[in-house]
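All chains, please: the whole structure from these sequences, using the hints.
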Amino acid sequence: MELLINLFINGLATGMLIFLLAAGLTLIFGLMDVLNFAHGGLFAWGAFSGVWFYGLTSSFTIAIIGAILTGILLGFITEKLIITPVYGNHVQQILITLGFMIVLSEMLKVVFGPNQIAAKTPPLLAGSWEIGDVIIIKYRLFIIVVGFLVFGVFQFILKRTKVGLIVRAGVMNKEMVQALGINIKRVFLYVFMAGAALAALSGVLMAPYSGVIYAEMGMEFAILAFIVVVIGGMGSFPGSLLAAILVGLAGSFMAYYVPALSLAVNMMLMAIVLIFRPQGLFTAKG
Amino acid sequence: MRSKFQLNNVLLLVIVAALAIFPFISDSRTWTILLTQIFIFSILAMSYDILLGYTGIVSFGHAMFFGMGAYTTAILLHQFEATLSMFFLSIIIGMIIAAVISFLVGLLTLRLKSHFFAMLTLAVSGLFLVLAEKWRTLTHGNDGFTFRAPEFFKDRMMFYLLVLICLVLVYFFLRRFVESPLGRVLIAVRENEQRTKSLGYQTLYYKVIASVIAGIVASLAGSLYAVSLRFVNTSVLTMDITLDALLMTIIGGVGTLIGPIIGAGVIELAQHYLSGLAKEYPIFERWIIFFGIIYILAVIFFPRGIVGTIQYAFWKRKNKAIKGPIRPSRRKVVAK
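The listed protein sequences correspond, in order, to chains A and B.
Sequential numbering from -9 applies to the first sequence in our numbering.
Sequential numbering from 44 applies to the second sequence in our numbering.
No lab work stands behind these hints, which were simulated from the structure alone.
For each residue, glycine too, the CB sits at the ideal point set by N, CA and C.
Please note that the accuracy of each hint is not assured.
Restraint ranges, calculated between C-beta atoms of paired labels, are given here [stated by the list, open to error]:
#1 A:V100 / B:R72: 32 to 38 Å
#2 B:A63 / A:Y246: 57 to 63 Å
#3 A:G78 / B:M201: 47 to 53 Å
#4 A:S49 / B:L174: 39 to 45 Å
#5 B:V57 / A:E165: 51 to 57 Å
#6 A:I126 / B:K177: 29 to 35 Å
#7 A:Y246 / B:G184: 38 to 44 Å
#8 A:I126 / B:F345: 51 to 57 Å
#9 B:R329 / A:P249: 33 to 39 Å
#10 B:K177 / A:I172: 46 to 52 Å
So, in structure tokens, the structure goes:
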């Protein structure tokens, strides 16, 4: 029983990290119909800038804020320079965002050096609680809380505020929203910046979780996020949450019980979902 | 038009003949190796263009088939006696494996729209990379292993000629393929999949065929690549290989077969000189950034590539339709 709880918490924490990354991806795709292959690059920039801010100020709060600001800034640049010229053309979007991904991860090596960097857990969140035989690592609990918090906040904004109304209407019918006098281009820009901020947040939270950060981590985790988005259904926020938790739990349990299969488990999950529901678990429109 | 077509063929023959004689005139080892490398990547880039340029699907998993060929050849030559017949056998086995895998992956993923397909190919090829890294008894993981090439290739020149022959054969095979009725359907799929479907074509079937052909040819390139290095490690499965093929195709011109060859030449030469420069100027150590930037600029401003731009200029002068690269985004220009 204790083992099950431990595995469950581990899986949930990993799932939440992937959710934060996938949430930005699915948000951008849902409204703008842009699949951002550079998302992993923004994630890695979040991790590196966060660790840099943490080293500078030794305050984890500032590290998180710094990473989010980096994400917002990079999101602004990316949308203006890279995404704007290729709206509406899927093939070009794929090609160009992938090219930008290369530039982002190489720039990381230029700015922060090509080596791995160790990331420390802040003292407040280090250590663990023991309740009976159940070991709860504080940092993992922190990630789970942040994940649900972010989900709640975004869900509130999307469903209950005027901004969310505009975004959801934009998903339905861009032209109509434009005709109502709302600058949909600016909405696109803000959504992209929000997505980039989520990626960066996920990056900075990932850093102490995995202990080291390196430039290639962007692509690695982006693949996981892609898998999650496909399983959950492109553009669906709750779908991403559910799929991320599923992927996290499957990974955690498989790693313990069937280690040989742990690397393939995500792919198998995705293959199964694709065979039966090619549009993903949560997308109504086929 | 007909006479021009033949003129093109004559021109091609002259170039091939010149390349075939080249190693007999020049004894520059560097150039022989560099040209061999260019030929191998030309084969890879042409196979990629069957997907990107002719069928309009973006695959990020192409390195997977390249790696399959490379590993099949390397493992067979390593485990068994390194003879010429074993080498050819390994090429064929590699092609069969690539065909089966590309068929299965294609069947599963090609039903999806471009976005999803690109993501999934990325994920599947990521899986193969991890597999190669973990299956250490067979692949020696990231360290890779060296193996003996057949005795016949002790002379670099023989290998050079073999690769050149492969390149020419693949070129003519693929040209025949894209000019066949089947290839024309692929172009129709690229231009408008929905309409092609309405005309009664099972587009999935055609897309799977394209991906199998591309997989087989990529596997051949991988086999040749492994022998050219006499060493293999997991780098043959990484994203970089796919990116190289992608970049060569885009720079050279999508939707042409000559384009990827020229693109391969340009990229390989640029890589050669830039990595040479890196020894003197540290700024060039991160030369991949330049490639990334060039690549982005090419997608935005130079979407036809070198060959495509030249062909388009011809077309504009003659003002009549040509066979050739019509980028999806600009197809209105040529649709008249």
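We went through each hint and held it up to the structure:
1. A:V100 / B:R72: 32 to 38 Å: 34 Å, holds
2. B:A63 / A:Y246: 57 to 63 Å: For Y246 (chain A) against A63 (chain B), whose Cβ atoms are near 59 Å apart, the range 57 to 63 Å holds.
3. A:G78 / B:M201: 47 to 53 Å: 51 Å, holds
4. A:S49 / B:L174: 39 to 45 Å: 42 Å, holds
5. B:V57 / A:E165: 51 to 57 Å: 55 Å, holds
6. A:I126 / B:K177: 29 to 35 Å: For I126 (chain A) and K177 (chain B) the Cβ distance comes to about 31 Å; the hint holds.
7. A:Y246 / B:G184: 38 to 44 Å: 23 Å, violated
8. A:I126 / B:F345: 51 to 57 Å: Once the Cβ atoms are compared, 55 Å apart, the range 51 to 57 Å for F345 (chain B) and I126 (chain A) holds.
9. B:R329 / A:P249: 33 to 39 Å: 37 Å, holds
10. B:K177 / A:I172: 46 to 52 Å: 51 Å, holds
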